[in-house]
Every structure is written in structure tokens, then in C-alpha cells.
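K.L.:
Now for the letters of each chain:
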Amino acid sequence: MFLLFFIAFLSVPIIGSFWNSQYISFESLAYLKSHYGKPVVLTLVLGIVVSLLTLFWASCALFSIKQLSGKTKRTLLIFALLPLLFPPYIGAITYIDIFKSPTFLTLVGRSSFIEFIQASFVFSLFLYPYVFLLFYSRLRMISPAQESIIALYKLSWWKKLVLFYIPHLKYAGFSGILLVFLYTISDFGAASILRLHTLTIQIYQEIIGRFNHSEAAFVSFLYIIFTATAIFMGQKLLGEPTSAYKTEKKYSDIQSRSFFTACIALLFLSLLIFLSVGLPMGKIGIWFYQYLVDASYLKSVWITAKQDIFFVGLTSFMVTLGVTLGMLFSTFFFSALIHKKTESLSATPYYLASMLHGLPGIVIVFGLLVIKQTLPSTDIMAWIIFLSGYFYRYIGIAFVVIEPAIAAIPKNYTAIAAIFTRGKFSHIRYVSLPLTKNALLHAGNYIFFNGLRELVIPLLLLPLGVEVLSMRIWQVASEGLYSYASPAIFLLLFLSLPSLVLFVKNKI
Amino acid sequence: MRKKFQFLSLVLIIIVVIILIGAFFLTGGRTKTTTDTNKALSFRELVIYSGRKDALILPIIDSFEKKTGTKVTLKSGKTEELANLLLQEKENTQADIYIGTDASLLEKLSKNGLLTQITTSELSNIPAAYRAEDNTWTGVSGRARVLMVNTNMLPANQWPSSIYDVINQKWNGKVAMANLTNESVVTHISALRALHGDEFARNFLRDLKKNNVTPLSGGHTDVRQAVGRGEFSVGFVNHYYAHLQMQETPHIAIIYPDQGAGHDGAFVNVSGVGVIRFGKNQSVAQEFVAYLLSEEAQQQFAELNFEFPLRAGIKSTNTKNLGEFKEMDVDLHSISKMLDSSIEIIKQEGF
Chain R
1 MFLLFFIAFL
11 SVPIIGSFWN
21 SQYISFESLA
31 YLKSHYGKPV
41 VLTLVLGIVV
51 SLLTLFWASC
61 ALFSIKQLSG
71 KTKRTLLIFA
81 LLPLLFPPYI
91 GAITYIDIFK
101 SPTFLTLVGR
111 SSFIEFIQAS
121 FVFSLFLYPY
131 VFLLFYSRLR
141 MISPAQESII
151 ALYKLSWWKK
161 LVLFYIPHLK
171 YAGFSGILLV
181 FLYTISDFGA
191 ASILRLHTLT
201 IQIYQEIIGR
211 FNHSEAAFVS
221 FLYIIFTATA
231 IFMGQKLLGE
241 PTSAYKTEKK
251 YSDIQSRSFF
261 TACIALLFLS
271 LLIFLSVGLP
281 MGKIGIWFYQ
291 YLVDASYLKS
301 VWITAKQDIF
311 FVGLTSFMVT
321 LGVTLGMLFS
331 TFFFSALIHK
341 KTESLSATPY
351 YLASMLHGLP
361 GIVIVFGLLV
371 IKQTLPSTDI
381 MAWIIFLSGY
391 FYRYIGIAFV
401 VIEPAIAAIP
411 KNYTAIAAIF
421 TRGKFSHIRY
431 VSLPLTKNAL
441 LHAGNYIFFN
451 GLRELVIPLL
461 LLPLGVEVLS
471 MRIWQVASEG
481 LYSYASPAIF
491 LLLFLSLPSL
501 VLFVKNKI
Chain X
509 MRKKFQFLSL
519 VLIIIVVIIL
529 IGAFFLTGGR
539 TKTTTDTNKA
549 LSFRELVIYS
559 GRKDALILPI
569 IDSFEKKTGT
579 KVTLKSGKTE
589 ELANLLLQEK
599 ENTQADIYIG
609 TDASLLEKLS
619 KNGLLTQITT
629 SELSNIPAAY
639 RAEDNTWTGV
649 SGRARVLMVN
659 TNMLPANQWP
669 SSIYDVINQK
679 WNGKVAMANL
689 TNESVVTHIS
699 ALRALHGDEF
709 ARNFLRDLKK
719 NNVTPLSGGH
729 TDVRQAVGRG
739 EFSVGFVNHY
749 YAHLQMQETP
759 HIAIIYPDQG
769 AGHDGAFVNV
779 SGVGVIRFGK
789 NQSVAQEFVA
799 YLLSEEAQQQ
809 FAELNFEFPL
819 RAGIKSTNTK
829 NLGEFKEMDV
839 DLHSISKMLD
849 SSIEIIKQEG
859 F
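Protein chains in written order, with this note's numbering: chain R, 1 to 508; chain X, 509 to 859.
Note that these hints are calculated values from the structure, not bench results.
Since the structure is predicted, the reported quantities are computational estimates derived from the model, not experimental observations.
Idealized CB from N, CA, C, for every residue including glycine.
One or more hints might be untrue.
Keeping only pairs whose Cα atoms sit at most 25 Å apart, straight-line, the calculated BS3-like set for lysine-lysine is [stated by the list, open to error]: (1) R:K73 to R:K160; (2) R:K38 to X:K718; (3) X:K678 to R:K100; (4) R:K66 to R:K505; (5) X:K682 to R:K38; (6) X:K682 to R:K100; (7) X:K717 to R:K100; (8) X:K575 to X:K788; (9) R:K38 to X:K717; (10) X:K788 to X:K619; (11) X:K834 to X:K845; (12) X:K586 to X:K788.
Listed below are several chain R residues computed to face chain X (Cβ distance under 8 Å; list not exhaustive) [unchecked claim]: (13) S101; (14) Q205; (15) I371; (16) Q373; (17) S377; (18) L461; (19) G465; (20) Q475; (21) E479; (22) G480; (23) S483.
Take the sequences, apply the hints, and build the full model.
P.N.:
Printed below as a string of C-alpha cells:
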């Protein structure tokens with residue numbers, strides 16, 4: 001029953017994608033090649049290159065962190081994770097301004113290949129912390145006793161890496177690069193700014209620029225198949241899917257005491273942090289200064305005629321908070337209901353939930369857009385469709401975090417609660433909520449953190465008269481008015497900071 | 509029992525407060541009333557779908573709001589995206605006004621029965637060539653397709669003088685244009701088809717590809733900035749983009765192409781406005797159109813936006829005006845009807 005419901009739920013974007021399609025016209029070989037051949041190859045190659053680059057950055061960062069100790073290590077660890085604060089499209093905005101400066105162009109020149117390298121570099125800089133976090137969490141689960149034993153054998157660093165560290169870290173690595181791969185191929189904002197004609201851009205251009213959306217539907221369907229395949233194969237490599245939230249014992253690290261390697265590590269980390277945090281923050285700071293001193297009429301237009309930035313920030317905060325609470329509430333009760341009826345779930349719902357989260361936002365939005373056109377165009381309907389976009393986007397992650405936590409509650413706890421308390425839902429208050437509060441917090445934090453930065457859903461589904469921070473940043477940056485985007489960028493980073501602290505604290 | 513009741517009450521109060529705060533702020537003051545005695549009893553509202561850049565339309569909307577006490581809700585986006593939206597929404601739309609940057613899209617909306625006749629007397633001040641035959645849309649300002657050149661990269665004796673120069677081998681990889689889903693580009697292709705036939709247009713598209721003319725998905729803003737930065741020597745844009753870039757980087761020159769005897773002339777399109785048939789605020793919408801065609805707004809288009817005012821007697825002082833350069837001799841009405849077929853041809857040629 002649950003499976004049927006889940007499949008029906010998942011099918012809406014797919015069915016929506018093909019609803020009201022007119023015909024699919026593949027005009028010519030030249031058209032097929034440029035419309036599908038190039039974007040498919042580019043998307044896949046980008047995903048693979050970015051995944052490998054993030055693996056490189058994360059591995060080097062991990063090795064470097066191991067060479068350090070004390071306050072230096074903790075400080076650099078925090079800074080190494082700060083790139084998570086920047087959504088890739090904000091990172092892309094800061095770097096495109098550098099890459100396209102006359103000086104840089106004179107030095108490096110311009111070609112599609114150079115633009116691809118630049119884009120891969122930018123993606124990897126702002127996505128490597130996902131791999132690094134997984135590596136670091138896993139590393140801390142290795143017993144120091146084991147590392148001491150390995151040290152006794154006096155193996156070369158290469159043998160230690162191959163015989164000891166890779167076997168322990170490989171699954172973390174696979175998980176990390178699968179995550180990065182899916183994020184990269186489903187990205188819209190950064191790809192658009194960096195002028196990459198990926199499949200997401202193709203779908204977007206078809207939606208807005210063509211009057212026959214059947215091709216957008218076809219490409220969306222390809223994405224669904226591809227994402228499902230990638231997640232299925234990833235899960236097969238990694239084993240059965242398990243809870244995304246686990247508490248396991250963490251040990252202190254054993255560090256190397258070589259002064260030379262510590263210096264190299266320090267230099268490397270400093271460079272990485274400068275590129276991924278220092279430079280973007282510096283750029284945004286310069287833009288903000290330009291914004292403050294700008295006396296042109298445009299500034300007054302953006303303040304008075306458009307909604308004030310604090311109002312936009314408040315809207316973003318309220319929408320995201322509402323979505324987060326709603327999703328936590330619905331997932332919690334839905335999962336509790338499932339476990340009242342069944343002992344345990346098979347792996348299939350986890351695959352489906354992971355797949356839903358792995359789908360590009362543009363595919364979900366396209367399905368909802370097609371449904372939206374059949375409904376009356378009122379404010380309420382617009383809000384329902386808009387919030388549904390967030391629901392589809394993040395329900396998967398809520399499920400894979402919350403459901404296992406509920407499944408882990410022993411049945412006899414609920415029975416005991418029923419004996420000693422009164423009320424139909426007393427077991428929820430006295431048993432379920434306390435035992436799942438960490439999972440709820442973790443899921444809610446993740447949804448809030450990513451929902452605040454979400455771009456595609458507001459871009460195409462935002463109700464009339466409403467503006468959120470990501471839309472303001474996108475709209476203004478698209479016109480090249482980077483300084484006018486800086487207040488919104490600062491506000492977005494500020495609102496994301498507490499979530500990031502909580503997210504990182506859980507992992508390290 | 510009492511503690512349980514208090515706990516539930518607290519949770520309920522918090523939820524209600526959050527919802528109320530959210531609802532208050534998110535309605536954005538739609539229930540506010542004006543103190544003007546003539547308008548005190550009626551709340552005037554207008555919903556505009558605008559394909560124009562915010563910075564170019566907001567000052568005019570701001571003036572209209574102040575003058576009439578109307579609360580304007582603006583939905584911005586790409587012209588073709590909003591036209592698509594209107595075609596999908598049909599009678600369910602919330603829009604009262606559509607402002608588009610291309611006559612073809614306005615004509616398409618009109619042919620699909622989404623626009624109603626404009627009734628303002630100000631319409632007679634706009635030449636018939638720049639408005640619909642049935643008055644369901646009207647041009648508001650004109651724009652010419654021009655070449656913009658980075659003068660640091662190209663001395664004057666090397667500047668192109670025709671749009672057909674960009675397919676010359678010496679410009680291989682040095683020319684940028686907006687993506688070929690951009691409405692201005694599509695209508696320009698329609699104009700070439702009207703003037704020289706379909707085969708000519710197809711060959712031109714093939715030559716653009718062969719010569720690595722780069723379509724930029726960021727649109728004309730991306731093109732003008734790319735030329736300004738020196739990424740490309742030449743850009744194919746609407747004329748006011750070149751003027752906007754000159755404000756930021758002075759080493760830009762604007763070339764009105766094909767001006768010689770026997771040459772085609774520069775293609776002139778219009779950005780225009782239509783009143784949505786199914787809009788809920790018809791009278792306010794007609795007032796807004798009248799305002800856009802008034803001397804005050806036309807002067808703003810000329811001075812702020814570097815566009816060609818269409819109203820007779822209004823001249824721009826910081827750009828050329830219509831009549832001061834050779835225009836392509838095409839009928840905007842007939843090429844507006846070629847939108848769908850031009851999109852098909854562009855697709856067939858692999859764009």
C-alpha cells in the first residue's frame with residue numbers, strides 16, 4: 001500500500017512532464033547533436049570531472065588536517081567547511097566576475113575548454129566539503145589502536161594509504177562523490193552563470209523559449225531514468241541503504257609530528273580556504289561597498305520600488321521555516337503510521353526517496369508547471385504549487401533521516417508508555433518525540449539550510465507579489481548588477497550560518 | 509492534565525502567531541487604502557507581466573503608481589517565458605497587462621485571443637506600422653538591431669559595416685549574440701526571411717554556425733558585458749544595450765548596419781504592451797497603456813532607456829531617432845505572424 005502511494009507520489013512530475021505534450025519533433029541530425037548530444041556529454045563529463053576534483057580536494061584537505069593539532073587544527077577545520085555556506089550559484093557569481101575580467105582574459109584567453117575547466121574548478125571548490133565531511137566523520141571512527149598498530153609496521157605512506165586508509169574510507173568516498181555527482185548534474189544556477197549548456201539549461205530554455213514543451217518533457221524523463229540508475233548503482237556499490245543519520249563512537253585523531261608535512265599542510269589548507277572562502281567573501285565585500293557608495297537612481301529604484309531587502313529576507317525565512325516544519329510534521333506522522341502497520345520496510349522506499357531528492361529541481365518544477373496550467377490561477381493555487389515544489393524536493397531526505405529513527409524505537413517502549421500515561425497520542429509525546437528529536441533536528445536543519453538557498457523552484461513557481469532572497473540575487477546578478485546583489489547575498493549567508501554550524505557540529 | 513493542556517496551548521499559540529505574522533507580511537499590504545478622497549472607496553490594483561528589465565520599467569511604473577494611486581504588482585521575467593505563461597494560463601491568468609520586448613510575441617498572444625482592444629485615444633499618436641492592425645497591442649518604444657564593437661580590440665578601419673560581415677572568416681569566434689531562443693533574434697530571422705526568402709535565412713544561420721558565432725544563454729546583457737570586457741570583439745544586440753554598456757565601459761562603438769545604398773538597413777522592432785482580455789482590472793489597464801503612450805512616459809523611455817520613442821514629436825537626445833538612419837523595409841505585422849515557422853527553421857538548423 002505504501003509502495004503504491006509512493007510510486008503515485010513520485011509519478012506526478014513524470015506524468016506532469018508528458019501531460020499536454022503535443023509532439024516530439026527531432027528535426028535533423030544537426031539539431032539532435034546540438035540539442036541532446038552536446039548537453040548529455042557535457043553534463044556527464046562535468047559530473048565526473050567535478051566528482052574527481054572534489055575527491056582530490058577532500059583527500060588533500062583530510063591529509064593536511066591530520067598533520068595538524070590543537071587550536072590551529074580546529075580553526076582550519078571550521079574554515080575548510082565554510083564553503084558549504086555558499087550555494088554554488090553564489091560561488092559562480094563571484095568567480096565569473098574574476099574569470100571574465102580583462103586581466104584574466106588577457107592571461108588565459110577564452111575557449112569552451114577553458115570555460116569548462118573554470119566551471120569544474122568552481123563547482124569543486126564549493127562542493128568538496130560534502131566529501132571532506134564524510135571522510136572526516138569516517139576517519140574519526142577508526143580506532144587509534146588500529147592506527148598505532150599500522151605505525152608499528154613502518155610502512156611507506158603509499159602502502160598505509162592503500163592497505164589501511166582506502167579500505168576504511170572507500171565507502172565514505174563513494175557516497176561523497178555520488179552526492180557531488182548528482183548535485184553537479186542537477187545544478188541550474190551555477191551552470192547558467194558559468195555558461196555551461198547542460199541538460200538542466202536545455203530543459204529551462206525549452207520551457208521558457210519554446211511553445212511546444214514535449215522536448216522538455218522528454219529530457220526530463222531522461223533525467224529521471226538517469227538519476228534512478230545512478231542512485232541504484234550507487235546503493236549497490238555501497239550496500240543496502242541505511243539511515244542517513246547515525247550516531248557512532250568517534251575517536252580523537254592521531255597526528256603525524258613531522259614539521260615539514262605540517263607546514264605543507266598549513267600552506268595547502270590556507271590556499272584552499274582562500275580560494276573557497278576568502279576570495280568570494282572579499283568579492284562580495286567589495287560589491288557591498290560599491291553598493292553603499294552608489295548614488296545612481298538605480299539604487300533608489302531597487303530600494304523603493306522593489307520590496308525592501310529585509311522584507312525579502314523575512315519572506316525567505318518564513319517560507320523556508322514553514323516548509324521545514326510542515327515536512328517534519330508530515331514525515332514524522334506518516335512514518336509513525338507506517339510502523340504501526342509494518343515491522344520494517346524494504347529497501348525500495350529508501351531508493352525512491354533518494355531518487356526523489358536526487359532529481360534536478362528543474363524536472364520537478366516542470367512537472368508541477370504543467371499541472372499548474374490546468375488549475376485556476378489564484379493566489380492560493382499558486383502557493384500550493386510553489387510549496388509542493390519544496391515538498392517534492394526535500395521529502396526524500398526527510399524520509400531517509402526520520403523513518404529509520406522511528407523504526408529504531410522498540411515496540412515495547414510504546415506499550416510501556418501506553419500503560420503509564422493517558423491519551424491516544426501520549427506515546428508520541430513521551431516516547432517517539434524524545435527518541436527521534438535528534439533525527440528531526442538533523443533533517444529539519446538540512447531542509448532549512450538547502451531550502452533557503454533554493455533557486456529553481458522560486459524562479460519558475462514563485463507566486464505573484466512575493467520575492468525571496470535567491471530570486472533577488474539571481475535577478476540582479478543576471479543583469480550584471482553584482483553590487484546590487486550583495487545585500488541579498490549577505491543576508492542569505494547570515495541566515496544560513498546557524499544551520500551550517502549545526503550541520504557541521506553533527507558531523508565532526 | 510493541566511500541564512498537558514498548557515503545553516498544547518503554547519504550541520497552538522506559537523503556530524497561530526507564526527501563521528499570522530507570515531500572512532501579514534506576505535500579503536505585502538494589499539489591503540491598504542489610499543487617502544485620496546476620489547479614490548478612497550475603491551482599491552486600485554494592476555498586475556503586470558513584464559519582459560522588460562526591471563531597471564528600465566520600474567521608474568515608469570513608480571511614476572504611474574504615484575500619479576494614480578494604483579497598487580502595481582509586477583511579475584518580471586523573460587518576454588518569451590511570460591508569453592508562454594499567458595498561453596498556458598489562458599482565462600485563468602492573474603495578469604492585466606503584458607509588456608513584451610517583441611512585436612511577434614504580442615501578435616501571437618493576440619492571435620490566440622488573449623488580448624483585448626486598446627481603447628485610449630493616445631493610440632492615434634503611435635504610427636500604424638508600430639501597432640496591431642486590430643489595435644490589440646501597441647508598440648511603446650523602438651529598438652534597432654545593431655553591431656557593437658570593442659574599440660580597444662578593433663581599430664575603426666576594421667569595424668564591420670553589415671550584419672553579413674559576421675559570417676566572414678576573419679570574424680571566426682570573435683562575435684557573440686544572444687541565444688537563438690531569444691525573441692529579438694527570432695524576429696530578426698523572420699525579417700530576413702521576409703526580405704530575402706527562407707533559403708537565404710537558412711544559409712545565414714548555417715554560416716553563423718560555421719563561423720563560430722557564439723550564442724550566449726545570458727541574453728543581450730551577457731553579450732554587451734562580454735564585448736565590454738573584451739571576450740569578444742563584436743556583439744549583435746539591440747541598440748540600447750550598446751548604450752548601456754557605453755555608460756560602464758567607454759571603449760564601445762555602435763554600428764547601425766547595412767546603411768549603404770542598395771543595403772538592407774537596420775532592422776527595427778518594437779517593445780509593446782497589450783491588455784489581457786481576461787484581466788480583472790480592465791479600466792486600470794487601459795489607463796496604464798494610456799500612460800505609457802503619454803508624452804511623460806515616452807520622454808522617460810527616450811532619456812532613461814536609450815530607446816526610440818514612438819510618439820510623434822518626442823525625440824531622444826542621447827541616441828539616434830527613427831528616421832535618422834536607414835531602416836529595413838519590412839512590415840512588422842507580416843513578420844510578426846512568422847514567429848512559429850522561424851522557430852522551426854532555427855531548430856532545424858541545429859540551434
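K.L.:
Identify every previously stated hint that the structure contradicts and give their numbers, smallest first.
P.N.:
15, 18 and 23
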